[in-house]
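Novice: Following the hints, position chain B against chain A.
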Amino acid sequence: MIAYLIAVGIIALIYMLLTIGLNLQYGYTGLINFGVVAFFAIGAYTSALLTLGGWPLVPAFVVAIIVAAIVAYPIGLLSLRLSDDYLAVVTLGFSEVVRLAIQQERWLTHGVQGLPGIPRMFLSLGIGDYAELATLAVLVLCNLAAIGLMLHLVRSPYGRLIQAIRDDEVAVEAIGKDPRRLKVQVFMLGSGLAGLAGAFYAHFITYLSPDQFLPLVTFYVWIAMIIGGTGRTTGAVAGSLILMVFLEGSRFARDWIPSVSEVQMASVRLALVGLALILFTIYRPQGMMGSRR
Amino acid sequence: MTALLAAVGVCKSFDGFKVLDDVSFAVPERGLTGIVGTNGAGKSTLFAVVSGQLDADGGRVSFADADITGLRPMRRARLGLGRTFQVPREFAHLTVRENFLVAARREYGETLGSVFFGWGRVQREERTLRDRADGWIEFLNLKKVTDKPAGTLSGGQKKLLELGRMLMTEPKCILLDEPFAGVNPVLVEEISTRIRELNNSHGIAFVIIEHHLEALKALVQHLYVMDQGRVIADGEAAAVLAEPRVLEAYMGGVI
Chain A
1 MIAYLIAVGI
11 IALIYMLLTI
21 GLNLQYGYTG
31 LINFGVVAFF
41 AIGAYTSALL
51 TLGGWPLVPA
61 FVVAIIVAAI
71 VAYPIGLLSL
81 RLSDDYLAVV
91 TLGFSEVVRL
101 AIQQERWLTH
111 GVQGLPGIPR
121 MFLSLGIGDY
131 AELATLAVLV
141 LCNLAAIGLM
151 LHLVRSPYGR
161 LIQAIRDDEV
171 AVEAIGKDPR
181 RLKVQVFMLG
191 SGLAGLAGAF
201 YAHFITYLSP
211 DQFLPLVTFY
221 VWIAMIIGGT
231 GRTTGAVAGS
241 LILMVFLEGS
251 RFARDWIPSV
261 SEVQMASVRL
271 ALVGLALILF
281 TIYRPQGMMG
291 SRR
Chain B
1 MTALLAAVGV
11 CKSFDGFKVL
21 DDVSFAVPER
31 GLTGIVGTNG
41 AGKSTLFAVV
51 SGQLDADGGR
61 VSFADADITG
71 LRPMRRARLG
81 LGRTFQVPRE
91 FAHLTVRENF
101 LVAARREYGE
111 TLGSVFFGWG
121 RVQREERTLR
131 DRADGWIEFL
141 NLKKVTDKPA
151 GTLSGGQKKL
161 LELGRMLMTE
171 PKCILLDEPF
181 AGVNPVLVEE
191 ISTRIRELNN
201 SHGIAFVIIE
211 HHLEALKALV
221 QHLYVMDQGR
231 VIADGEAAAV
241 LAEPRVLEAY
251 MGGVI
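Chain order of the listed sequences is A and B.
Reading the first sequence from the start, the letters are residues 1 to 293 in this note's numbering.
Reading the second sequence from the start, the letters are residues 1 to 255 in this note's numbering.
Okay, chain A solo, but in the shape it has when bound (with noise of 0.2 Å):
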């Protein structure tokens, strides 16, 4: 149970970092990035590749989230080009490139066949509780550390430019700054932030493969995120947590409707979380810490 534990904390935290980079992006900035799951899966097989390959996991990681954070340049320019909504569509479509790109080269990522035998972290305390205790507890610096960084950035003069660009990018224009070097930069960020994410997932995980960077993680971080409170990075941690206590807490239903299948029961959780938004959409439509968009 511990073991158990341990593990849905890690993934929670690995969401906690995902949310974190999308509200700088979406709640802070107001680019609508319905790609996030790319940069988690670039961050993942950048560090993946890179230790297979025999460099040493901290290296690996600082690699990933540059390279995650690289490949959304062009992407950040092409959402200067288009309005809000176009952004979303180019993204989700990127997310899927990225993805089939991932199945099709098999020379380099093995294609559906994934990617086994990925070095975990903290290998030198052995297989078990300890080694895992330790990358719970370096998620949780990392997560500190980014709440930290997004706390004093919406604080700054820099904060308050992105905010005033999420609120009227005309207006933003008009007192003489210029919104893209910022949107480009935060899309950047936010990035980088989701490759770190992926990194850690790969190296916990240990085997990667196209079917798990779905558009549907997109979607459960853009949940996390509502459930949490948009445009609030407190919004983020707590709409993390709570979205994992559905994700998982939904596998113990099965013990109070018996009659339903271990198959049907999949399905059943995925109605669950639907559920749970709808619900938090009516009666809480501010998340949870409340929100600023």
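For the record, the hints were derived by calculation from the structure and aren't laboratory data.
Incorrect hints may have been included.
[Claimed, not checked] To list a few chain A residues with every Cβ distance to chain B over 12 Å, as calculated: (1) VAL8; (2) LEU92; (3) LEU100; (4) CYS142; (5) LEU153; (6) ILE205; (7) THR234; (8) LEU241; (9) PHE252; (10) ALA253; (11) SER261.
[To be verified] A few chain A residues facing chain B, derived, Cβ under 8 Å: (12) ARG81; (13) PRO157; (14) TYR158; (15) GLN163; (16) ALA164; (17) ASP168; (18) GLU173; (19) GLY176; (20) ASP178; (21) THR206.
Predicted model, so just to flag it, every value in this text is computed and none were measured.
For glycine and all other residues, C-beta sits at the position ideal for the given N, C-alpha and C.
Specialist: Just chain B now, kept in the frame of chain A:
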């Protein structure tokens, strides 16, 4: 007399329909200029072209001895040509003070690097700008709403906020699009007074689109009348408004 802001032969069509047809106007340094005309005469389109939101199909726009035709709105604002909008575009989720601060000219505090490094420098910059913002907030009588989200202000207060935000950019000239629309008579008087003060003591030129003719007549030195995309008359305000063809076009000859 050299013009601070001038448009020469500006044309703009939407789907073949001429919204601006060879429009020229000039605003002197420290000038107070009004533009009137019926709805659809092309006034707001003219502002959009002059401030860079729309590209003109033909003609030139110059400002402070530079040709600014084709510059992005951001660049024009940096040169000192500001504007407000007919429907206020406040940053709704930022407080009034934040709205002012975000508009301030600054080099360092809005770079990504400043988030990570040089926090002391950012704080010093902030203190100076805060004093300036609070000064304008007081000047515009927005003190009691300083810390309120701008989205919660009344229509008149939003107009003042937009004007104040523009002042933070240290402009030479401000284009005001219907500053008196939907504003109660007391506030109209107050806004007029503020505009006069800014013009007198800060030397800021204003170009004002307005339907409120009485207030405008009392405020501006020079008036342009537009009709169907053309300037049909211009000159000293009271004299222009008395011209028969202006009465004919603008008021359908009823007055």
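Novice: Look at each hint and say if it fits the structure.
Specialist: Status of each hint after checking the structure:
No Cβ of chain B approaches the Cβ of VAL8(A) within 12 Å, the least distance being about 33 Å, so the stated non-interface status holds. Non-interface call for LEU92(A) relative to chain B: holds, since the shortest CB-CB distance, roughly 26 Å, exceeds 12 Å. Every Cβ of chain B is farther than 12 Å from the Cβ of LEU100(A); the closest lies at roughly 33 Å, confirming the non-interface assignment. Every CB of chain B lies more than 12 Å from the CB of CYS142(A), the least distance being 16 Å, so the non-interface label holds.
With a minimum CB-CB distance of about 5 Å to chain B, LEU153(A) fails to clear the 12 Å threshold, and the non-interface call is violated. Chain B leaves ILE205(A) outside its interface by the beta-carbon criterion, the shortest separation being 32 Å against a cut-off of 12 Å. Even its closest Cβ contact with chain B, about 16 Å, leaves THR234(A) beyond 12 Å, as expected for a residue assigned away from the interface. With a minimum CB-CB distance of about 25 Å to chain B, LEU241(A) clears the 12 Å threshold, and the non-interface call stands.
Listed as a non-interface residue, PHE252(A) keeps its Cβ farther than 12 Å from every Cβ of chain B; the least gap is roughly 39 Å. Look at ALA253(A): its CB is around 38 Å from the nearest CB on chain B, clear of 12 Å, so calling it non-interface holds up. With a minimum CB-CB distance of about 47 Å to chain B, SER261(A) clears the 12 Å threshold, and the non-interface call stands. A cut of 8 Å between beta carbons decides the hint on ARG81(A): the least distance to chain B is about 14 Å, and the hint is violated.
Below 8 Å, beta-carbon pairs count as interface contacts, and PRO157(A) has one with chain B at about 4 Å; its hint therefore holds. Annotation: interface hint on TYR158(A) holds; nearest CB of chain B at approximately 5 Å, less than 8 Å. Because the smallest distance between the Cβ of GLN163(A) and any Cβ of chain B comes to about 6 Å, under 8 Å, the interface hint for this residue holds. The criterion of a C-beta within 8 Å of any C-beta in chain B is met by ALA164(A), whose closest approach is roughly 5 Å, and the hint holds.
Annotation: interface hint on ASP168(A) holds; nearest CB of chain B at approximately 5 Å, less than 8 Å. With a least beta-carbon distance of about 4 Å to chain B, the hint placing GLU173(A) at the interface is held under the 8 Å criterion. Here the hint on GLY176(A) is kept, as its CB sits about 3 Å from the closest CB of chain B, short of 8 Å. The criterion of a C-beta within 8 Å of any C-beta in chain B is met by ASP178(A), whose closest approach is roughly 6 Å, and the hint holds.
Annotation: interface hint on THR206(A) violated; nearest CB of chain B at approximately 33 Å, more than 8 Å.
Of the hints listed earlier, those the structure fails to meet are numbers 5, 12 and 21, in rising order.
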